[in-house]
Amino acid sequence: MTTKSMTMKLCTYMGAIAGTMMFVGIWPVAHMFPPLDPSMPAAEVAAYYRSHQIGILAGAILIASSSVLFFPFLAAVATFMKKIEGPVSPLTWAFVMVVAFGFVTLFFAGLIFTAAAYRLDRPDAVVSALSDIAFLLFVMPAVPAFVQNLLTGFVILGDRRAQPILPRWLGYMNLWTGVLLLPGLAIGLFKTGPFAWNGALAFWMPAVVFGIWFNLMIVAMLGAIKRDALGGE
Amino acid sequence: MMAASQAAASPPRGHVPGEEGVWVFIGGDLIVFAVFFVTYALARQQELALFESAQALLDRRLGLLNTLLLLTSSCFVAQAVAAVRRGDDRARRLLLGAILLGSGFVVVKAFEYSAKIAQGFTLNSNSFSIYYYMFTGIHLVHVLIGLGVLCFTLSRFDRSGRMQGGVALIEGSGAFWHLVDLLWIILFALLYLL
Numbered sequence: 001m002t003t004k005s006m007t008m009k010l011c012t013y014m015g016a017i018a019g020t021m022m023f024v025g026i027w028p029v030a031h032m033f034p035p036l037d038p039s040m041p042a043a044e045v046a047a048y049y050r051s052h053q054i055g056i057l058a059g060a061i062l063i064a065s066s067s068v069l070f071f072p073f074l075a076a077v078a079t080f081m082k083k084i085e086g087p088v089s090p091l092t093w094a095f096v097m098v099v100a101f102g103f104v105t106l107f108f109a110g111l112i113f114t115a116a117a118y119r120l121d122r123p124d125a126v127v128s129a130l131s132d133i134a135f136l137l138f139v140m141p142a143v144p145a146f147v148q149n150l151l152t153g154f155v156i157l158g159d160r161r162a163q164p165i166l167p168r169w170l171g172y173m174n175l176w177t178g179v180l181l182l183p184g185l186a187i188g189l190f191k192t193g194p195f196a197w198n199g200a201l202a203f204w205m206p207a208v209v210f211g212i213w214f215n216l217m218i219v220a221m222l223g224a225i226k227r228d229a230l231g232g233e
Numbered sequence: 001m002m003a004a005s006q007a008a009a010s011p012p013r014g015h016v017p018g019e020e021g022v023w024v025f026i027g028g029d030l031i032v033f034a035v036f037f038v039t040y041a042l043a044r045q046q047e048l049a050l051f052e053s054a055q056a057l058l059d060r061r062l063g064l065l066n067t068l069l070l071l072t073s074s075c076f077v078a079q080a081v082a083a084v085r086r087g088d089d090r091a092r093r094l095l096l097g098a099i100l101l102g103s104g105f106v107v108v109k110a111f112e113y114s115a116k117i118a119q120g121f122t123l124n125s126n127s128f129s130i131y132y133y134m135f136t137g138i139h140l141v142h143v144l145i146g147l148g149v150l151c152f153t154l155s156r157f158d159r160s161g162r163m164q165g166g167v168a169l170i171e172g173s174g175a176f177w178h179l180v181d182l183l184w185i186i187l188f189a190l191l192y193l194l
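Read top to bottom, the protein sequences are chains A and B. Numbered as in this note's numbering, the first sequence ends at 233 without a single skipped number. Numbered as in this note's numbering, the second sequence ends at 194 without a single skipped number.
With the rest of the complex left out, here is chain A (with noise of 0.2 Å):
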């Protein structure tokens, strides 16, 4: 094994990492999944941070945490799509821009929880619009996941070699996730139903789409370096 193609399995795995750092972050420690009902009176937010506070704090240290550890997972996927596009990159390049911040807005959901659990003494209506702001950085940002999913799939399935570097399969799959993750757009609009950021179409099914094709990135990537898909030309 190469140090190269070490380094890009020590990468992949920082994505396994982060995504269960997140998960326990936002579950078990801080109780914010699924989020809070978003049609929730004010003052039952604010008593909901407070029975909840050091969970809450301990669990934004976990999301902070995590964002940053994700990058090191997308700076592999990264590679692998430079390789694929090679020296000409336009849709590599426009994947680092959009996951740069994409991805930011996780770590500013971390850093908003911390604020509206940090000083619990503030009105209710201080409390519940921080929480506001906070799950709408953590739900919203499908997004620019949607833009990231494309390019992906793109760059995959634009792969002409007779091996492709990554499987076409996964290209759909990044395509097909990307689309899922659009409902997430609309969260802005109920406080209510299936798409307000706690419903059934705009939350828990993303949140399950993106399980899946995390894990699967992570299995198909690791594939690939084990089939040494980046050395040789």
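Since the hints were derived computationally from the structure, they do not count as laboratory data. Fair warning: this is a prediction, and the values are worked out from it, not measured in the lab. Treat the hints with caution; some may be incorrect.
[Unchecked claim] To give an idea of the interface, some chain A residues facing chain B are shown, with a C-beta separation under 7 Å as derived from the structure:
| no. | residue |
| --- | --- |
| 1 | W169 |
| 2 | Y172 |
| 3 | L175 |
| 4 | L180 |
[To be verified] FRET-style restraints, in silico, Cβ to Cβ:
| no. | chain 1 | residue 1 | chain 2 | residue 2 | range |
| --- | --- | --- | --- | --- | --- |
| 5 | A | G158 | B | L62 | 32 to 42 Å |
| 6 | B | S114 | A | Q163 | 50 to 60 Å |
| 7 | B | A34 | A | V68 | 30 to 40 Å |
| 8 | B | A168 | A | A129 | 46 to 56 Å |
For glycine and all other residues, C-beta sits at the position ideal for the given N, C-alpha and C.
Keeping the supplied structure of chain A fixed, place chain B upon it in accordance with the hints.
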């Protein structure tokens, strides 16, 4: 040469249209819309009277017109695929016809939405309107993607009206277009007729 043209005329048994990966996308999309339909059925059960009265406000004639447009368009695509397999140069015109009919769907939808909004039936009017606008809107995104794919396929014909690089592209885009059609038929039945 003879064997090659015969092989093109009748695809081998167990032939999967398009490339296999397209079916990852189509299968995934079908699962998603199945989730949509179950969610809708559950919500309708809970507020049956409201859903029935709101559904009565929809214009079934426009819905039917759109169904006919998509069905005819799908028929044109199927003919175009068959024409490409035969090496027939009418394929390009058939595909263009399919694209025009599909664009007609988008125009009708624009009229339908603006008429509904003018009547005061907007996104957050009631729980039925959320489903109506979001489901038909997401389906409309599929129509636009499908039209884009068909236009891309159209651009792959050479000057003599033949298609370069085999039938996989037109089969795959045709399969996606049939999916768009199938989903609309279910949506039309659920939202307009039920």
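query: For which of the previously enumerated hints does the structure constitute a violation, in increasing order of number?
result: Structure breaks no hint.
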